[in-house]
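Can you make the complete structure from the sequences, with help from the hints?
Going line by line, the protein sequences match chains C and B. Mapped onto this note's numbering, the consecutive letters of the first sequence carry residue numbers 1 to 114. Mapped onto this note's numbering, the consecutive letters of the second sequence carry residue numbers 1 to 838.
Rather than coming from a laboratory, the hints here were simulated on the basis of the structure. Mixed in with the good hints, there may be bad ones.
[To be verified] Below, a list of computed lysine to any residue pairs in the SDA-like style, where the Cα atoms sit at most 20 Å apart: (1) C:K54 - B:E831; (2) C:K97 - B:L59; (3) C:K84 - B:I818; (4) C:K26 - B:W643; (5) C:K54 - B:T55.
[Stated by the list, open to error] Below, a sample of chain C positions facing chain B; criterion: calculated Cβ distance under 10 Å: (6) G22; (7) L34; (8) G61; (9) P70; (10) F76; (11) K78; (12) K102.
Yeah, the Cβ is synthetic: ideal placement off N, Cα and C, and Gly gets one too.
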Amino acid sequence: MTETKNNWLAACRVEDAVENGGVCVKNGDEQIALFYFTRRNEWYATQNECPHRKQMALSRGMIGTLTDEPKVACPFHKKNFSLKTGECLSGDECAIKTYPVKVEDGTVYIAVNS
Amino acid sequence: MNKLKIIVIGNGMVGYKFCEKLKSKSDSFKLIVFGEEPRRAYDRVHLSAYFSGKTAEDLSMSTASWYEEQEIDLYLNNPVTGVNRVTKTVSTLSGEQFSYDFLVFATGSAAFVPNIKGIEKEGVFVYRTIEDLDLISAYSKNAKKASVIGGGLLGLEAAKALIDLGIEETSIIEFAPRLMPRQIDMAGSEMLKSMLTDLGLQILLNKNTSSIAGENNIIGLKFSDDTELAVDMLVISAGIKPRDELARQCGITVGPRGGIVVDAEMQTNDPCVFAIGECALFEEMIYGLIAPGYEMAEVLASNLCAQSKSFKSFDMSTKLKLIGIDVASFGDPFINEPDCRTIVFENKHKGIYKRINISNDGQYLLGGILIGDATAYNMLLQTSVNRIALPENPEELILGSRGGEQAGAGITSLPDEALICSCEGVTKGDICNSVTEQGCETLDGIKKCTKAGTGCGGCLPMVKDLMLHTLKAQGKYVRNVICEHFNYSRQELYDLIHIHELKSYDEVLDKLGESDGCETCKPLVSSLLASLWNEMILKKGNDTAQDSNDRFLANIQKGGSYSVVPRVAGGEITPEKLIVIGEVAKKYNLYTKITGGQRIDMFGAHLNDLPIIWEELIAAGFESGHAYGKGLRTVKSCVGSTWCRFGLHDSVSFAIRIEERYRGIRAPHKFKSAVSGCIRECAEAQSKDFGIIATEKGWNLYVCGNGGSKPQHALLLASDVDSETCIKYIDRFLMFYIRTADPLTRTATWLNKMEGGIDYLRNVVVNDSLGMAAKWESEIEKLVDTYKCEWKEAVENPAIRKRFSHFVNAPEEKDPTIEFVEMRGQKRTPEWNTSNQI
Numbered sequence: 001m002t003e004t005k006n007n008w009l010a011a012c013r014v015e016d017a018v019e020n021g022g023v024c025v026k027n028g029d030e031q032i033a034l035f036y037f038t039r040r041n042e043w044y045a046t047q048n049e050c051p052h053r054k055q056m057a058l059s060r061g062m063i064g065t066l067t068d069e070p071k072v073a074c075p076f077h078k079k080n081f082s083l084k085t086g087e088c089l090s091g092d093e094c095a096i097k098t099y100p101v102k103v104e105d106g107t108v109y110i111a112v113n114s
Numbered sequence: 001m002n003k004l005k006i007i008v009i010g011n012g013m014v015g016y017k018f019c020e021k022l023k024s025k026s027d028s029f030k031l032i033v034f035g036e037e038p039r040r041a042y043d044r045v046h047l048s049a050y051f052s053g054k055t056a057e058d059l060s061m062s063t064a065s066w067y068e069e070q071e072i073d074l075y076l077n078n079p080v081t082g083v084n085r086v087t088k089t090v091s092t093l094s095g096e097q098f099s100y101d102f103l104v105f106a107t108g109s110a111a112f113v114p115n116i117k118g119i120e121k122e123g124v125f126v127y128r129t130i131e132d133l134d135l136i137s138a139y140s141k142n143a144k145k146a147s148v149i150g151g152g153l154l155g156l157e158a159a160k161a162l163i164d165l166g167i168e169e170t171s172i173i174e175f176a177p178r179l180m181p182r183q184i185d186m187a188g189s190e191m192l193k194s195m196l197t198d199l200g201l202q203i204l205l206n207k208n209t210s211s212i213a214g215e216n217n218i219i220g221l222k223f224s225d226d227t228e229l230a231v232d233m234l235v236i237s238a239g240i241k242p243r244d245e246l247a248r249q250c251g252i253t254v255g256p257r258g259g260i261v262v263d264a265e266m267q268t269n270d271p272c273v274f275a276i277g278e279c280a281l282f283e284e285m286i287y288g289l290i291a292p293g294y295e296m297a298e299v300l301a302s303n304l305c306a307q308s309k310s311f312k313s314f315d316m317s318t319k320l321k322l323i324g325i326d327v328a329s330f331g332d333p334f335i336n337e338p339d340c341r342t343i344v345f346e347n348k349h350k351g352i353y354k355r356i357n358i359s360n361d362g363q364y365l366l367g368g369i370l371i372g373d374a375t376a377y378n379m380l381l382q383t384s385v386n387r388i389a390l391p392e393n394p395e396e397l398i399l400g401s402r403g404g405e406q407a408g409a410g411i412t413s414l415p416d417e418a419l420i421c422s423c424e425g426v427t428k429g430d431i432c433n434s435v436t437e438q439g440c441e442t443l444d445g446i447k448k449c450t451k452a453g454t455g456c457g458g459c460l461p462m463v464k465d466l467m468l469h470t471l472k473a474q475g476k477y478v479r480n481v482i483c484e485h486f487n488y489s490r491q492e493l494y495d496l497i498h499i500h501e502l503k504s505y506d507e508v509l510d511k512l513g514e515s516d517g518c519e520t521c522k523p524l525v526s527s528l529l530a531s532l533w534n535e536m537i538l539k540k541g542n543d544t545a546q547d548s549n550d551r552f553l554a555n556i557q558k559g560g561s562y563s564v565v566p567r568v569a570g571g572e573i574t575p576e577k578l579i580v581i582g583e584v585a586k587k588y589n590l591y592t593k594i595t596g597g598q599r600i601d602m603f604g605a606h607l608n609d610l611p612i613i614w615e616e617l618i619a620a621g622f623e624s625g626h627a628y629g630k631g632l633r634t635v636k637s638c639v640g641s642t643w644c645r646f647g648l649h650d651s652v653s654f655a656i657r658i659e660e661r662y663r664g665i666r667a668p669h670k671f672k673s674a675v676s677g678c679i680r681e682c683a684e685a686q687s688k689d690f691g692i693i694a695t696e697k698g699w700n701l702y703v704c705g706n707g708g709s710k711p712q713h714a715l716l717l718a719s720d721v722d723s724e725t726c727i728k729y730i731d732r733f734l735m736f737y738i739r740t741a742d743p744l745t746r747t748a749t750w751l752n753k754m755e756g757g758i759d760y761l762r763n764v765v766v767n768d769s770l771g772m773a774a775k776w777e778s779e780i781e782k783l784v785d786t787y788k789c790e791w792k793e794a795v796e797n798p799a800i801r802k803r804f805s806h807f808v809n810a811p812e813e814k815d816p817t818i819e820f821v822e823m824r825g826q827k828r829t830p831e832w833n834t835s836n837q838i
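Take a look at the structure:
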């Protein structure tokens, strides 16, 4: 088994994130959608690309819940993805990648594979 | 107590379903399952989804812990190699022995591989398991041309998988003269073929492959008609053969052409041994579909629990989407004259073929085929299975009624035993019962309670209709509640927000809703807040509750860029302003197009550029055109009496006045208007939500027209009124609409649902029958007075402006993935980057 090491990417300051919404974080060539679910006091990060039509859009999607499961709806065709597991909750699109997030001293960090 | 031991050989979909069903019925058995594959039972029906991105785990029928929780011993990668029916034991590859009380064969089937010369070459695959798919996927990286042998259901699925893998040229080779020979007729096959050809698939019918060319690796196919085809890889999908070798070895009776012979209780010639699924042969038939497999699992599980149940020859009706194309067949699709009468509808333009076979006396539906559009499938299947008497004009079942009424026998005429969900075997009675007896009032509730719609999901529209119908029949007020977060209708929520004077989405959710919202209630509440208070929609807290386009005050386009549409009221624009649009478009490299609403749309703006573009436009005197909002779009006009020799009044001036009055007001849906200067109606006012036409004596006001997918002429609300009266009526009409329409309902649909129709509406608007006129007029007045250009506010507010950047950690950088290609001297977006394209 290969061991993957997490690198904590300093994504932004807490005040730069959008309350109850998403922002897009650049990590080299990779785009990560970072969500600040203020209502639940939770942070989530997923890939920014929606697998349905391969659009860099999820960070601009609306977040919410489906029977208490936090989710994001792609702004293009409203495909829903769980923010916790990345699983597609509407139809049979493939799951999206999720990343661990932590906040320290007002800075938001995303765990990216080194 | 010693539990009876049941050994299940095979861990496929049916084997899994059997375990699930047996466990749900009784706890008095010990289940031991042996699987040959290395992974738990997975959804083989949707195998091709593996190539469009689903993982093996996504396809899995259960979680890893399920077997443990159910106390089922699961042995994977460990096939049973021998059965001793005398000692009632099985031995496995690992060399162990296990004893059983009952033995269940759920060994499924293997791909049938025809005996073609060269079939052993590298690059030839079968399409059956995830392991097969992994091999195909690995090999496809160096392949440009691929073929599938077999034009049946699975063959077409395999072809889709090859397209998904990025193979440039894929062909399907079928021995029979038509595709899907078990399901559809020649004419249906022709239609399907032409649609698949349009998608880039090559279809070869009547082709018998005689040999496979190549040294070690396949390089081509040779056919019996001496033609050849160069291919780099080949997938065989020429049918299935039941896995009966183990049963055969231990002396269980098998059919002459394979398959373990079972009776209606799924019992073999040994009373302790059973077979279910694709390895079982019932009345000389192998059932290669999932629904009958599940039914066999149900029958066996019931009988083991002493509930008598027997398997009856199963309806092989099927509906599926192949590469985006609906294909369905039901009942007896092939029965012909003189045994029946057929009605055929064919539309080559849209790629639709429908055939129904009806009894000679015109009473019953015997079967049929649907290609390209299978929306009528559920109803047709029910009509045929339940022998419901056909309507007088049975052609309406496939053509739709031309009288406006819903065609055919509705759900009310279905008997209680009508099977609605064939995957899970749920009847109409079960569904109605879950509503009346168990209090299910939502689709999710019914799904949980009955399992209906949890398989392929095809029956869900019908389940919903049944639910609504049952609720209504019970005298329950069927409320159109918004979503799981708000147990109110839009109209109720409007009043509540007004009464409680709530100003932000979170306040509304805290006070009136529950949990954390979703993409249904957020834009709806935002629209209500805007209609009521007319505050800047991107105010902190409400910004993220706006619909995608409102959020960035622009329409998101394919690829992730945005469009920019300044208001051109009434379609009137000065040369100076035209030049500004031209210059801005040139500077920011935007594609320009004249819209249907007499203005100019600029496409292809990066999110980062939107504020600066708008700053320039605003400096030149433009304002937001609200093309992104659910509100007034445009008021189109003809040139009117200022230039036109026929014009009666100045339609342009009136259009500008109207457009400036109602600009920016948010409504349940977008609305459009137009003003024509005479009866020639060059502005097409009668296709608008409200339209005004000049008469000798004043204006005629028409309402609730619509263009779009379901065109509807506007109806005359008032005639020969002066300008002031006309505006007063529009004020009242709009407020009535804003207050009472369901979400995302255009005025035309709103009127269609209104009891009393246009006469009632006229009474409310013109005669003030509700006594609301003065209030509505003042409410509109307030909205008019508080209007501000959203874009002006946005560019002047640093906090809002900050949000117009793609990367939070690199605000200057634009999204590097946005691409454009050239066309006719301008740019355009590339096609969707996806494999599911039609």
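For each hint, the structure was consulted:
Restraint check: the Cα-Cα separation between C:K54 and B:E831 comes to about 11 Å, which is no more than 20 Å; the hinted pair holds. Distance restraint check for C:K97 and B:L59: the Cα-Cα separation of roughly 17 Å lies within the 20 Å cut-off, and the hinted pair is therefore satisfied. For the hint pairing C:K84 with B:I818, the CA-to-CA distance comes to about 28 Å; that exceeds 20 Å, so the pair is violated. Distance hint between C:K26 and B:W643 is unfulfilled; the C-alpha atoms sit about 56 Å from each other, more than 20 Å.
Pair hint C:K54 plus B:T55 holds up; C-alpha atoms about 17 Å apart against a cutoff of 20 Å. Of the supplied interface hints, the one on C:G22 holds, with its beta-carbon coming within about 8 Å of a beta-carbon of chain B, less than 10 Å. For C:L34, the interface hint holds, since its Cβ comes within 10 Å of a Cβ in chain B; the closest pair sits about 7 Å apart. Look at C:G61: its Cβ gets to within about 7 Å of chain B, closer than 10 Å, so that hint holds up.
Annotation: interface hint on C:P70 holds; nearest CB of chain B at approximately 7 Å, less than 10 Å. Given hint, C:F76 at the interface with chain B, holds; its Cβ is 7 Å from that chain's nearest Cβ, closer than 10 Å. Against a cut-off of 10 Å between C-beta atoms, the interface hint on C:K78 holds, since the closest Cβ of chain B lies about 6 Å away. Checking C:K102 against chain B by beta carbon gives a least distance of about 16 Å; that is not within 10 Å, so the hint is violated.
Going through the hint list in order, the structure does not satisfy hints 3, 4, 12.
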